[in-house]
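Residues per chain are reported as follows:
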Amino acid sequence: MVAVYKHGFSRQSLLASARPALFFVLFFFLVCLWIDPKLIYHGHGQYLSYQIHVPGMRTFVDSPPFPGKAVEYLSAILAHYYFYSWAGALIITLTAGLLSVGTDKFITPMDGGRYWPLRFVPAVILLMQYGRYYHYLADSLSLSLGLLFLYLSIRIPLRSAVPRFAVFLVFSGVMYTMAVQAYLVFVILWAIFEFFNRRNWRIGLLYLLSAVLIPLFANMLFFNMDLFDAYRRMLSLEPIADRGGLILKFSLLFFLPIAGLSCALRPFLAPKRESERAKPGRTWMFLQYYRQSRLRWPLETLALLIVTAGALLLTCDRFAKIHLRINYLARNKMWNELLREARRLPAKDYSVFVCNDVNRALYHTAQLAYDMFSYPQHPSGLLSATERYSELDTLYELGHINRAEDTAYGALALADYYPTGLQKLALINILKGQTDAARTFLHALSKDSLYKDWAERYLDRLETDPVLSADEHIQHMRSVMLVEDNLRRAVTATDDLYLILLEKNRLNRMAFEYLMAWFLLNGHLEDFIRNLNRLDDFDYTDIPRHYAEAILLYTGITGRIVDLHGRKINVQTVSRFADFMQQSQSYKYHLQNAFKSAPNDSGDFDNLSNSYNLEDFKDTYYYYYFLVGLQQQK
Amino acid sequence: MRKHHRFLLGMLVLGALLSAALLYAFRAATTIIAHYNPVPRPPKIHPDYTGTAIPPNIAPLNFIVRESAARYCVRIHAKEGPPIQIQSRKPKIHIPIHPWKKLLAANRGRPLHLDVYTQDKTGTWKKFETITNTITNDEIDDYLVYRKIKLSVMWKDMGVYQRNLQNYDESIILHNSSFDSGCVNCHSFLNNSSSNMLTQVRSPRYGTPMLMAQNAEVSALNTRTKFTPGKVGFTAWHPNGRVIAFSINSFEMFFHTAAIEVRDVFSHASDLALYLIDSNKVLSTSSITRPDRLETFPEFSRDGRYLYFCSAPQLPVERYREVRCDLMRINYDPKTQKWGQLETVLSADKVQGSITQPRFSPDGRLLLFNVSEYSTFPTHQAQSDLYIMETETGQFRKLPISSNRCDAWHGFSSNGRWIVFSSKRLTGRFARPFFSHIDETGKAYKPFLLPQKDPTFYDSLLQVYNIPELISQPVPIKPKQLTTGILAYEQAPHADIVTGATPGLPPVPPHRPQPPSTYDQPWLQRE
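Chains as they are written, first to last, in the working numbering: chain Y, 1 to 634; chain H, 635 to 1161.
Okay, chain H solo, but in the shape it has when bound (with noise of 0.2 Å):
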């Protein structure tokens, strides 16, 4: 051995040397806690990951102690396999994620416990109420896909981006900087799957393509006929992966003087058609094109039979609070493209609501929806509760997971057993995703907030979260693909129309005085 070899081999066993002292004197210190006053309250722990149930395959909840103390220990343990604690002077709590996935794995139906001690600047530990979770037998599809927007009607800095539950990866799929900062609209999964995934764009300089990737191929759909204008709002797949429903709506964005939320969506006109892919054609009739009715956010059953959808009468702006919609089905044939009679599923008046956002889950024994005071757009109500009904017997209730605030943009898992969806019930102002286990007999479980490697995260992010979709594998489409899928639009054919809608314009239903809105007014009440 040459003489400078032997050096480099003596440096570098110095440097594992060092390394290894190093890390024995910083390591982690997990001394039990033997002595210690207990406190007869669970701590206050930010974000809310208490009394919930979580499924086994999520990342590290990390949260922050909302006590104050010169130093903190959290041990987190179950009854297999070995606790993790973290003792930290500060009270941001980092759970390492390869211990936390072993325990988490190893205790899959059994409850998860946080013992959060706290020690004062004398020395003296405190040690709070236990927090117990619950680890589900059912795992959680390993992705979410969700829109980040501002909070602003105006289309700057918007993409969908993807986030590995497993961990904190976060990634861009589409990105509107990409394409001269048009919208990227809603996206749409077929069974979770992101082999079949849907995204509109509206651009001023690019058009509106319907983004299409199916099997890493992508797209650009043009929908537009002499009956559609080509903007497509909200997408359904048929389960068959062939056909896909869309509405096309006319939005007006509207302002109030004195409300929560500042900005309202008004719709002047939608209606409902179907893309076939294959034939490169759109099909729709007259009873989901009804000029005296607004038609929106279709949902196909599971079946592929029905095509469920939401519907309000067409009314004047001024009228806006009386805008409420019916659930409607209507049976359609994809084979013989026959279209049967349209039926209401639920009456807007029997939930005393808007009926918006029908969402299946995989075995269609569940419908879930959202109910609003009025709209048909309840991302900006103030208030929206998510309802569930049982398909086989008609019976609805309000999940008791709703807010108090808006809690909208919902879905299900691909085992059924999870829903997401995006909830200002934090802030009132920013959306952000939840996650609630949905057990066999359809109760809904405390929701949990999407975990972030900082548990600070949301505490300051100005952006809100909408249309999170769970889905099984990564979408494997490159951004560049999807932007060379809207840059090609132009050259996309248009699709051929089949039938259109039926025109004339019925009598307006008669006004019901509403009472005045007025805001909730706290200061009031304490004075």
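For reference, chain Y alone in the conformation it holds in the complex (with noise of 0.2 Å):
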């Protein structure tokens, strides 16, 4: 007997709702807690390509017409949101319950009712893929629009054939122009639809044809594009970081039609016997039982509950997140939480520009010369050349106030909208004197109600005092920016980067600590024992650890003093050093010999890794040298 509550809503319908709203419960917080969509956010132009946009702005407004740019606009709007992470589980969550929502409504009357669990699959395919840090937004906005036009043509009672081919077509053009990520998709459910459920079978195949015909006539009135590319667009093939992204992608994309085919065909497929029916085994009994049981509810819950966590958990890139969260520390100067974070990161997948931010990280800790070899390392790992955005920062802290401008000016032209690039770009034209050029950056900034109030405050400051003479960033940044020109061909990483900065100011400080590492991570060691003295420049108490041991090193291979002002080296540091040298009675022998084979042979440095017991050096230059680095650079 079923139990009718006060409000009207039987158990079964409200148990019915249950579901769905504890799973959306754990979707949510699945999203935010675990994928966290402010990584996805801050992201944005270094790991993961995609396009914000904010009103106001003109991303859009200036490229012509092209097919789906309604979807994209409103995914870029809606990725502007992930700066928080609650409002962008909460934009995930919504997209995946209109999905689910649609599912259910396209499979119902393909007799895929009694299949409820089907209806989550979209759902758990799109937490998948923003567990692997896919943000494919437009693709789950399209199939929901596609969905809804399918429900809307569902309940609107067209029995004739002709009025309802005429309401395909207006919600196919639509499709096609505003939303043509899942039009291919969206074409397919309604040749099904139209197969299996209104068995017209003249009106399906005229609605595959459509998809032909469609895109030639839309690109004939609203488009101006190359034929073979207006339909390379229904494939929605960008952007798509790998194949695990592709895999994702068409699996959310075609999930539909293969469990719509798979419901209309079952009852072709696998018809049930009568002989069956009529006896009843021990399993039958079993499963008859459990339908009926107070139990059933609960569990199926339960294991969709568990599935859909076991799958985010069994698929998510776990490095991802972490180089997006390192990425997503730098940029906010969360310096003792990225260095936390790094050392949980193997050192295989280090990459350069998470070396560049741990660096980064170890400098303003005042770190670099004591610490950085405790991390893993590479020749590039200061500054790399390809010119990524997280290298705006380095520059423009640095000193490299030009080439940073221009790295931002980069950003700016890929990313489109960049709110970080153009906060960097206020500030260096605010430090150039360029206050006009200053302003526009700050008045786009303004617009992004994010940053409203940061642009604003400078606008002001602006106002009265148009070079920010008193702001201590700003003169701090005056007193070590280049302002005598010099002609660079080509950017690149060398110490020349640095030296032209400790020529403008010897107090560079940062500018030192990356060329003495600079020198450290290349093996230059003549030239680190070159530029020792300007340890004179700073208030360095001792000889940091670092260098102490290159200084060691260098005795080590040169067998000449070093002139160390003064200072001494830690008796630890030089005992450390003793000890590395007591792993071998032949070290200086190997170690030399490993030297001159080292740009040919790097067998040599792995039998001498083999034969010593050099993991507990791990964290000293010495063992970078001869390990690590100098294969690196082979």
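Please keep in mind that the hints were generated in silico from the structure rather than gathered at the bench. Mixed in with the good hints, there may be bad ones.
Said to hold, decoys possible - Each computed BS3-like pair below joins lysine-lysine, with the alpha-carbon atoms no more than 27 Å apart:
(1) H:Lys-678 with Y:Lys-452
(2) H:Lys-790 with Y:Lys-69
(3) Y:Lys-69 with H:Lys-1112
(4) Y:Lys-452 with H:Lys-1112
(5) H:Lys-784 with Y:Lys-447
(6) H:Lys-713 with H:Lys-736
(7) H:Lys-735 with H:Lys-724
(8) Y:Lys-447 with Y:Lys-333
(9) H:Lys-915 with H:Lys-972
(10) H:Lys-755 with H:Lys-726
(11) H:Lys-790 with Y:Lys-447
(12) H:Lys-1087 with Y:Lys-452
(13) H:Lys-724 with Y:Lys-447
(14) Y:Lys-69 with Y:Lys-447
(15) H:Lys-865 with H:Lys-1114
(16) H:Lys-736 with H:Lys-1080
(17) H:Lys-1087 with Y:Lys-69
(18) H:Lys-726 with Y:Lys-447
(19) H:Lys-1114 with Y:Lys-69
(20) Y:Lys-447 with H:Lys-1087
(21) H:Lys-761 with H:Lys-735
(22) H:Lys-1112 with H:Lys-865
(23) H:Lys-790 with H:Lys-678
(24) Y:Lys-452 with H:Lys-784
(25) H:Lys-1032 with H:Lys-790
(26) H:Lys-1032 with H:Lys-1077
(27) Y:Lys-452 with H:Lys-915
(28) H:Lys-755 with H:Lys-713
(29) Y:Lys-333 with Y:Lys-452
(30) H:Lys-1032 with Y:Lys-69
(31) H:Lys-1080 with H:Lys-1112
(32) H:Lys-784 with H:Lys-1077
(33) H:Lys-735 with H:Lys-1087
(34) H:Lys-1032 with Y:Lys-447
(35) H:Lys-1077 with H:Lys-726
(36) H:Lys-713 with H:Lys-1077
Hints are included, so try docking the two chains, each in its own frame, into the full complex.
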């Protein structure tokens, strides 16, 4: 007997609503706490390629119309709110909800209502996409719109084929122009529905045929594209990060046609046999019992939640998350947290960009000269030659204002809207005395609610002091920035990059530490020793550990004495170096041999590493010198 | 009449009455402000539309009043016709287009006055000194064609657009998203007419066509020969419309460690050639393809007898600050295809700078050109000025309308009474189109900014405008035709070469040391 509650809900309907509610609550928290959409926002332009749009900016205005522009526009606006993890999670959860409802409305009339888990599959795939930090929101929104149109067509009681086809053509045209990402899926779903539900094969075939003609007509009427491009966009091939991204993208898009087709064909493929019905076995009895059991709902719901969380845990990309988190922490100057996070990352997963961020964090926590080799390093670990956006901050802080400016322009051009770049460009132009240009960047930024206060604060300050002469940060930056022009044809990361900064201001501590780190990373011991006297320009109380290690190593290799300007090397550092030496009676012989053969034969280093227990010295410069750095250079 | 028809009619009448009542209630107040306190200075308005000469067919010059107030009132008036009065609680002043057009049309050659009133919170009105502009008798061409690009060397989101100057309508002529994000290069028109247009494209996927649109037909020209790489730089039409002069430039972007402009352009090689439309031939001569010189920016004299161009010594990149162009010309007869002697019209030493972008007025009397410290590419200079030369006398002078920032990419209107140029004067960074009236004596009047519907439009615009060209009618070509032309480029036949360049490299001229270049550091002056 069904209990009726005072609000008119039956227990069954209440349970039916409670399951999706529980599912989406779990979904929301998984996205908000595990995936953390703010990492996607801050990874924009650096690790992730997608568009962010702020109303008022001209990101989409000046380009000609193209299929799917409306959905891309919406997706770019929504992506802006990923800045707040909770808002991003809400957007992703609502999208998943729309997909779930749409799936339900499609498979129920296709005789798939009893397969209730199917309705959650698109949401789980979406969760898996975000677990791997693939941001394909436009696809999901497009698919949701397609499902909405399909639902409307199911609800509109059109029995005659002609008006039905006319409605399809209208929706189809709208889908192609506004939401091309799922256009092909949309057409296939309509065709499947027409074939198997309405049993009108001719109209179904016409639907499929229209997928060929609508892009052609839409291109003739509205768009200005190469015809090949007009069709290529139907496949929604961009942006695809990798094979995993491709699989998940098409899994989401083509799950519905496959599910619909399976539901529709099931009666044909697996007809129930009368003989089986007549003779119920033990399994059948158990199933009957289970179906009527009160445990069924909680067990199935629990299974759904476990499968959902499990799917995320099994497929998520933890290293992508750490990379994005390191990037986020670097952008927000959370140095200690960044170093903690970096320690969790295995050495093999250290990219050059992670090295850049870690070294920047080490510099800002005064550990670069002491602890940089406690972290995996790379010869390009200070500034990579690829000019990624992460370098923007490093270049700026060093005093390479023009190079930072150029990098920011590039970032702005590629990412269309790049608020961090705009912030930096505003500051750079203030530094250079280009107040009017700075105002343009600030005005652009003030259209973004997230940066409005920051921008308006600077605009107000510029009114009273156009060069911000009282601003400490600006004054410091002006003291380190280059003011004498030099021609640079290729922008490469060499010692020259830091030396010209020290020529401008010998007290530029960051330039000094980066210069010395560059010498160490690239094995330029002679240059390192030559610049050691610059220590006198700063307030180092001792010789930083890595510098001491490099001095000992240099002495060990060349036999020359280094003038320490009255400083002393820490006793522990010397004894540790002596330990390193004692690992092999023929230490000097081996090292020199290895050093000489380094350019051609990495085998010497491997043998050396295997012969002696050198793992204890992993955080030393000499370990890097012989066992990491030179091999990487090769 | 049926019952429901009567009902519909009744509803329509009611709707009309309601609309009329609403319009009356929210109409702009046109009360005359009789009592006010005079302010003995002109108001601050932005953009700066003060003391300038404007054409009688320009769109309303909307502006923002940069005075803090609770209420604003602007009265625009001239000798003839009813004044326009705008009251607003916001400082943005949107001038209605139809009364504006009537007012301008009725007062050609007369001053146009702007009275700005502001009301404070106590209700007291203030009136600033009247702003006066002059409405010229000379109309400006109805359309402006320009390229909008981002502040980067990357070929992303760039396009050529046309703007109707009588209103604010802008449309795309060619956008690079329609052909896989290649580069849309310089465009040029014959005699300010949209019937003959050229534009170049550089696309990694589709090649480097020179697109020629003549009488609504587009053809993709392939200028590649065994001597020319097919990458066309700057172009100029011969007045007969059958010959196109073009430059072939080998540019390298380089980088300033400390300068207002971050990037700069160095030309490793640059030559000129002619494309003969009727015979699909490329023609050149050793005088304009010298291996020791960089020849660029071609421009035909209005009588078609001379090809003017800029020429600089070819130097190693380290000596980029010594690259200064002379203004040269060479006689050319399109009938016989014979070349004359090379002449120096104006040397770089004489103007103490590099001469680039020569452009003739339609009557050929004036030659407008650009002078910058160095370079064959003034766009990336922190400062470059506009100069004008009277062709008959050879006398030249710097136009006083030049700013202390980069003014470049200039051109004349079809009647020769207006010049348009791309100027960075507002911010030092973002080039914007400006117009200046040129009278019979060659005097240039204070330039004004291309008006926009939203007067704050440029304040946050992160794109730059370059190569603004005035044309009398809209470009009749649809974007799709140009895209189709680009896609058809691969099938376009190569041009035949008639004569080639002179091989061999003469010695490099001696080095002239330059003082180190540093920033202006206004913060130091302050301290």
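Verification of the hints:
no.	hint	verdict
1	H:Lys-678 with Y:Lys-452	holds (25 Å)
2	H:Lys-790 with Y:Lys-69	holds (17 Å)
3	Y:Lys-69 with H:Lys-1112	holds (20 Å)
4	Y:Lys-452 with H:Lys-1112	violated (40 Å)
5	H:Lys-784 with Y:Lys-447	holds (18 Å)
6	H:Lys-713 with H:Lys-736	holds (12 Å)
7	H:Lys-735 with H:Lys-724	holds (24 Å)
8	Y:Lys-447 with Y:Lys-333	holds (24 Å)
9	H:Lys-915 with H:Lys-972	holds (15 Å)
10	H:Lys-755 with H:Lys-726	holds (18 Å)
11	H:Lys-790 with Y:Lys-447	holds (22 Å)
12	H:Lys-1087 with Y:Lys-452	holds (24 Å)
13	H:Lys-724 with Y:Lys-447	holds (18 Å)
14	Y:Lys-69 with Y:Lys-447	holds (22 Å)
15	H:Lys-865 with H:Lys-1114	holds (22 Å)
16	H:Lys-736 with H:Lys-1080	holds (24 Å)
17	H:Lys-1087 with Y:Lys-69	holds (25 Å)
18	H:Lys-726 with Y:Lys-447	holds (17 Å)
19	H:Lys-1114 with Y:Lys-69	holds (18 Å)
20	Y:Lys-447 with H:Lys-1087	holds (18 Å)
21	H:Lys-761 with H:Lys-735	holds (25 Å)
22	H:Lys-1112 with H:Lys-865	holds (24 Å)
23	H:Lys-790 with H:Lys-678	violated (37 Å)
24	Y:Lys-452 with H:Lys-784	holds (22 Å)
25	H:Lys-1032 with H:Lys-790	violated (36 Å)
26	H:Lys-1032 with H:Lys-1077	holds (11 Å)
27	Y:Lys-452 with H:Lys-915	violated (57 Å)
28	H:Lys-755 with H:Lys-713	violated (33 Å)
29	Y:Lys-333 with Y:Lys-452	holds (20 Å)
30	H:Lys-1032 with Y:Lys-69	violated (48 Å)
31	H:Lys-1080 with H:Lys-1112	violated (35 Å)
32	H:Lys-784 with H:Lys-1077	violated (33 Å)
33	H:Lys-735 with H:Lys-1087	holds (15 Å)
34	H:Lys-1032 with Y:Lys-447	violated (40 Å)
35	H:Lys-1077 with H:Lys-726	violated (32 Å)
36	H:Lys-713 with H:Lys-1077	holds (25 Å)
Of the numbered hints listed earlier, those contradicted by the structure are 4, 23, 25, 27, 28, 30, 31, 32, 34, 35.
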